[in-house]
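Build the complex: two chains, separate frames, hints provided.
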Amino acid sequence: MNISYNTQVLNFLLACFKKLKTLKKALYETSIILPSGDSLTPDLFCFFIENKDNFYSAFEFKQRGYDKITNEDLQERLIPQYQKYKTLKVEDLDQNIVPKIISSELFINYLFINTELSIINDIINQIPIEKEIYVYSMKLNDHSLEEIQSEEGTSNHILMNNILDLSKIEDYWKKIYIPFTLNDIVGIKGKNGNKVDIPRFAGIIITNKLIQFIVNRKITQESSNFTADHFIDFLFREFIQIISIGEDEKKAFKRKIILFLNWFAEDLIQEINISEIIRKIAQNKYNIILRKTETLEDRCIDIRNQAIAFFQQLKITEFLQ
Amino acid sequence: MESHQFEYKSDWVQYFEGFLKNEYKDVEKTKNYIKTHIVESNYDSIESFSRNFKEIKLLPSKEENFFNVEVKNDRKETHFLYLDISNSRFWIIHNIEPQKIIKSKIEDIFCNSYLQDKIYIPNEIMEEYRRKENTDSLGISIKFKQLFMEDSKEIKDELSNTEKVEEFIDYSLRLWPKKTKTMDFFLENFKKIGLPINYNSLNYVFFDEFGDTLIKEDLYFDGRFIINRGKDFKHHLKFVDNVRDRYNTLMKQIEENRFNWDDLNGNLFIIYFNKELDPQNIFNIIKKNHDIFKIFILYLFKKDDYYFYDCIDEHTGGTFTLQIFKDKMYINLKKDSCGNIILRIFSNLQKYLSPKTRLEIDNENFIIGK
Numbered sequence: 001m002n003i004s005y006n007t008q009v010l011n012f013l014l015a016c017f018k019k020l021k022t023l024k025k026a027l028y029e030t031s032i033i034l035p036s037g038d039s040l041t042p043d044l045f046c047f048f049i050e051n052k053d054n055f056y057s058a059f060e061f062k063q064r065g066y067d068k069i070t071n072e073d074l075q076e077r078l079i080p081q082y083q084k085y086k087t088l089k090v091e092d093l094d095q096n097i098v099p100k101i102i103s104s105e106l107f108i109n110y111l112f113i114n115t116e117l118s119i120i121n122d123i124i125n126q127i128p129i130e131k132e133i134y135v136y137s138m139k140l141n142d143h144s145l146e147e148i149q150s151e152e153g154t155s156n157h158i159l160m161n162n163i164l165d166l167s168k169i170e171d172y173w174k175k176i177y178i179p180f181t182l183n184d185i186v187g188i189k190g191k192n193g194n195k196v197d198i199p200r201f202a203g204i205i206i207t208n209k210l211i212q213f214i215v216n217r218k219i220t221q222e223s224s225n226f227t228a229d230h231f232i233d234f235l236f237r238e239f240i241q242i243i244s245i246g247e248d249e250k251k252a253f254k255r256k257i258i259l260f261l262n263w264f265a266e267d268l269i270q271e272i273n274i275s276e277i278i279r280k281i282a283q284n285k286y287n288i289i290l291r292k293t294e295t296l297e298d299r300c301i302d303i304r305n306q307a308i309a310f311f312q313q314l315k316i317t318e319f320l321q
Numbered sequence: 001m002e003s004h005q006f007e008y009k010s011d012w013v014q015y016f017e018g019f020l021k022n023e024y025k026d027v028e029k030t031k032n033y034i035k036t037h038i039v040e041s042n043y044d045s046i047e048s049f050s051r052n053f054k055e056i057k058l059l060p061s062k063e064e065n066f067f068n069v070e071v072k073n074d075r076k077e078t079h080f081l082y083l084d085i086s087n088s089r090f091w092i093i094h095n096i097e098p099q100k101i102i103k104s105k106i107e108d109i110f111c112n113s114y115l116q117d118k119i120y121i122p123n124e125i126m127e128e129y130r131r132k133e134n135t136d137s138l139g140i141s142i143k144f145k146q147l148f149m150e151d152s153k154e155i156k157d158e159l160s161n162t163e164k165v166e167e168f169i170d171y172s173l174r175l176w177p178k179k180t181k182t183m184d185f186f187l188e189n190f191k192k193i194g195l196p197i198n199y200n201s202l203n204y205v206f207f208d209e210f211g212d213t214l215i216k217e218d219l220y221f222d223g224r225f226i227i228n229r230g231k232d233f234k235h236h237l238k239f240v241d242n243v244r245d246r247y248n249t250l251m252k253q254i255e256e257n258r259f260n261w262d263d264l265n266g267n268l269f270i271i272y273f274n275k276e277l278d279p280q281n282i283f284n285i286i287k288k289n290h291d292i293f294k295i296f297i298l299y300l301f302k303k304d305d306y307y308f309y310d311c312i313d314e315h316t317g318g319t320f321t322l323q324i325f326k327d328k329m330y331i332n333l334k335k336d337s338c339g340n341i342i343l344r345i346f347s348n349l350q351k352y353l354s355p356k357t358r359l360e361i362d363n364e365n366f367i368i369g370k
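First to last, the sequence lines map onto chains X and A.
All letters in the first sequence, in the order written, are residues 1 to 321 by my numbering.
All letters in the second sequence, in the order written, are residues 1 to 370 by my numbering.
Looking at chain A on its own, in the form it has when it is part of the complex (with noise of 0.2 Å):
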């Protein structure tokens, strides 16, 4: 077994690779699978992340960008993480420890702590990966549950109304028809009886050419990934850093329209619902669901047909204003807001609303959904 320190990520590389090709006789190790993580920060810089906690010890490598990170578990053990962070603002984290423990450690420190933020994928985004990255095998899970419109337990009895099953449905599905064509013919069928798209993750196989398995792995909406088996580590690394790359590009749209008075830039983010709500059961359902968005809402006021609401971003204290309207709702980020409170509104409100939800930038040549 080789140390769990690397002086260069080459090193590492070379050590995960080896364990997907079973090289090494650590029993319990290869038990695990290999998981990575993007996770967002707004830290300055990785020094001041890791001062703030004690239960982790940063290993700086002799590469600029890649440490090695201790972590220890409520038993004092220890184990390893192994930080990517060539993006600063979108760190990932590759592990090969117990998921029971280091999960839990991981969503703490890196996902959920000031600063610290998950990504969250878009469901057209999750369906541009599942129809981009065309493998001969491929799966899906989703996931979809009503949040907003729970009241409405009548409308279970209307169970044969398929336009209405989004209404009141929780359900949770994993297929694996392999072929493109296949999962084609399921979609479209799940969406004509009524079924919410909404991509939990999507499975893939990548093949070399002589159909070898050079990768099994998941990607989850929320930048978690999962190899299962292969045999070319290096593969992964390239689809992590196109997910990541593509999140940023994103992000940086996003933040290119919060508000700044300075130079008269920003426009409204506007998410339009696919159907009719009581604006007050939006705020209500926002409030209660506190651990999925994040955010300290405020009522301010209410005028003709929409409800204003001052928020705070409770990731990094930025402040930012909600107008809920029946069928939408307008978001003004000001500028010192981090702009991943869009897509933690957006993705959410898919999963637990309505995957038909669609963001645009007011003024902007910016749609995500239909």
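Bound-form chain X, shown alone (with noise of 0.2 Å):
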């Protein structure tokens, strides 16, 4: 598998801030609520301190994969974004999310991946782009990245400066913090009936965390019985402090994770024949089946890996269908 471009440029961004030192919070996908009602969702959002200067830093990350820019891209999501960006103050911020002083500055930074050139810059003349908006360009394949328009001698500028120097160094592109955000693992649906259909990334990721926290309920001797909330809280406990989503979008990813624990314990043990791990036992509680914990090892990988051959295979589609 691989992991998301998102997922590769935060985790790029997060060893470049830690080699800085200057980043004091920073939020995963946040949305802010702006006073027209509307809300933004910045990919990253940061606060740094530089020489007692604060200041802010919005991330949107882009990837546009096609040759030609579309009408529809552009009028339907590009446009009402960038008009929202431009709106988007320091008084708008939740200072019970990150801290809030309004004589900071704010930079928008448009990070584009893996996107030709010429694409960057039909955007950047039709939106229009303008100048104090930061743009840049990063190939993930060439570990590269580049400047494309920047306003000199802000706060912001000397940041991004310092980080397109660390950009070339091939260290930066490989220090993984967080393996995965929740554009890897979002994308299970139910399917006719009691079906699902998971995707082969979210499948793996998510099988794997099954998998440890299972184990890491058997080693720390907590109850066999546990809920889709006691896995949700496991799955996240690594970056659960950048991620800020939504009641609704909290409650669809439940749903979700409750839809790929229910195929877990039911569909996946009937249908390829091996010992249960897990076992539903009422709605949204499951028990671990684990009693000789001398085999725990072996038997965890091999559930695992039968469950992720079928990911690998493709097949998780068709063989429930």
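No wet-lab data here; the hints were simulated from the structure.
The beta-carbon is built from N, C-alpha and C at its ideal position, and this holds for glycine as well.
One or more of the hints may lead you astray.
[Unchecked claim] In silico DSBU-like pairs for lysine-lysine, Cα to Cα no more than 35 Å straight-line:
{"hint": "1", "chain 1": "X", "residue 1": "Lys86", "chain 2": "X", "residue 2": "Lys100"}
{"hint": "2", "chain 1": "A", "residue 1": "Lys100", "chain 2": "A", "residue 2": "Lys145"}
{"hint": "3", "chain 1": "A", "residue 1": "Lys302", "chain 2": "X", "residue 2": "Lys19"}
{"hint": "4", "chain 1": "A", "residue 1": "Lys326", "chain 2": "X", "residue 2": "Lys25"}
{"hint": "5", "chain 1": "A", "residue 1": "Lys335", "chain 2": "X", "residue 2": "Lys254"}
{"hint": "6", "chain 1": "A", "residue 1": "Lys275", "chain 2": "X", "residue 2": "Lys18"}
{"hint": "7", "chain 1": "A", "residue 1": "Lys326", "chain 2": "A", "residue 2": "Lys287"}
{"hint": "8", "chain 1": "A", "residue 1": "Lys164", "chain 2": "A", "residue 2": "Lys303"}
[Claimed, not checked] If you want the footprint, here are the derived chain A segments under chain X, 3+ residues with CB under 8 Å:
{"hint": "9", "stretch": "294-302"}
{"hint": "10", "stretch": "329-342"}
[To be verified] Partial chain X-side listing against chain A, Cβ under 10 Å, derived:
{"hint": "11", "residue": "Ala15"}
{"hint": "12", "residue": "Ile204"}
{"hint": "13", "residue": "Ile205"}
{"hint": "14", "residue": "Val215"}
{"hint": "15", "residue": "Phe234"}
Take a look at the structure:
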């Protein structure tokens, strides 16, 4: 499997911020409610302190794989979102989530990932993206970062120049702090009847995490009974603080996890004829079936490997239909 | 013979010192050496630890941090341990029981159970002790077993290639050259022929100003001490306290760098190998040598030149990730995981891959190794 480009970019930026030691708060995919009532969700929103100077930087990750900018993309997505960014002010920030210092400047960075330069220039010209908005081009396969437009002399420009320097060092592209984000694990869908469709990458990550969760509960001698909430907490434990998703998104995510757990507890075990590892005992309640702890490791790895084999062979959809 | 149970630590110290000086007539006991272990505990309290083990009974003293521990062997005979928990994380256990009976009990209960672990002193710190604790009489035992390159059997034919000796060798050696300069001479020449110098133990004789032996004892890399003879038990206690405090400081430095996204703390731990290896083979060896590394390891993905694994430290259930490259690994330790896993991995890589393995904390001035 491959981790999503959003996750790769997030890790690269975190590696740079760690080196520069100026980052004080980072929020991944946090919605900001604007005075108009609309919401804006930068991929990454950061608060920095550099030489007693506080400032905010919002990062918008964009990937456009096509050869020519489409009118639909421009009118329905890019321009409306850009208009929202143009109105974004420090006053709009929720001080329960991020420090709110009105006197601090707020900068916006468009990060185009694996996108042709001609497309980036088309987008800049046709929106049009004004000069005080920073635009960069990032090629993940080449491990390269290039400045397209910037305003010189600002705190954000100094920050981005430092990141440009670090981007020339291979190691900064390889440091993984967060192995997956929501982008990697969304996409689980209910199908006809009680069937479920699980994307390959999401399936592999969540299966791994479920096995880790089961082993963790056995080692830490926690109850064998668990709910989807317990598993979700475990899933997000490593980066919960930088993911701030809304209540509706949380509910939608929980529904997906319940679908996955039901599939793991019922369908998977029946169809591929392996010993069960969790059993559904009530709605949204499960029990871990691992009585012989001495065989815990082999058994978990065996079940995990078999589950993942289905994802890797892309068999799961046909097998469940 | 005095009682085995003590109300005050000082009474117990006197009892053990008497043993060293052969003041007791208990023939059976006097055959035994005084042994000490430093162990790591993640329990909230000694009471919650003792509740998990039926074969031990905690007998509190009148002092807060000193405990007598009754241990039953398989034949229901009683043995005694003396526990100092003045550092609630790193306990010190003393005993004078027969080694063949008590060793496995201490290992199983105190060193190798849920939330309990050994300590793993890195080779550089053992080297530091060798140099710092300069005595007129010093011995060492060095031990190395190559686990990570055992498939490279053809290298065995290349005995003349000193750079490659460490790639296949499995050896142990005990030396007592006494003088530091002689020791340095031996070690330098061992290095010249490519022998990996990994300290298993340091063997000291501490003398007083008149040349009389205060204590003759061995310090092992996993926090064990064995007293061979002497007269000053308090000298031993001071030495043990120093080793514990040094390890405790190291652990604090490591745990300050666990990832905590609440306040954006944390850095990656980087272990550099001194050679290029197949990352998948490293995974296989760690998995195969489960008793050494105590890691539950799950492959997640491969990217460019590294493999990524989700891991659980079986000692605490704490989670961490491993990125294994040809020449290094990154460890991302979560805030609720125990820092001892870093030294368990690092020290064992020094012992089974190469003593030249180096540990760094990314973006921090923290380096162990050259």
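Structure-based check of each hint:
no.	hint	in the structure
1	X:Lys86 x X:Lys100	holds (18 Å)
2	A:Lys100 x A:Lys145	holds (24 Å)
3	A:Lys302 x X:Lys19	holds (25 Å)
4	A:Lys326 x X:Lys25	holds (33 Å)
5	A:Lys335 x X:Lys254	holds (25 Å)
6	A:Lys275 x X:Lys18	holds (27 Å)
7	A:Lys326 x A:Lys287	holds (17 Å)
8	A:Lys164 x A:Lys303	holds (30 Å)
9	294-302	holds (count 4)
10	329-342	holds (count 4)
11	Ala15	holds (9 Å)
12	Ile204	holds (7 Å)
13	Ile205	holds (7 Å)
14	Val215	holds (5 Å)
15	Phe234	holds (9 Å)
When the structure is compared with the earlier hints, no violation turns up for any of them.
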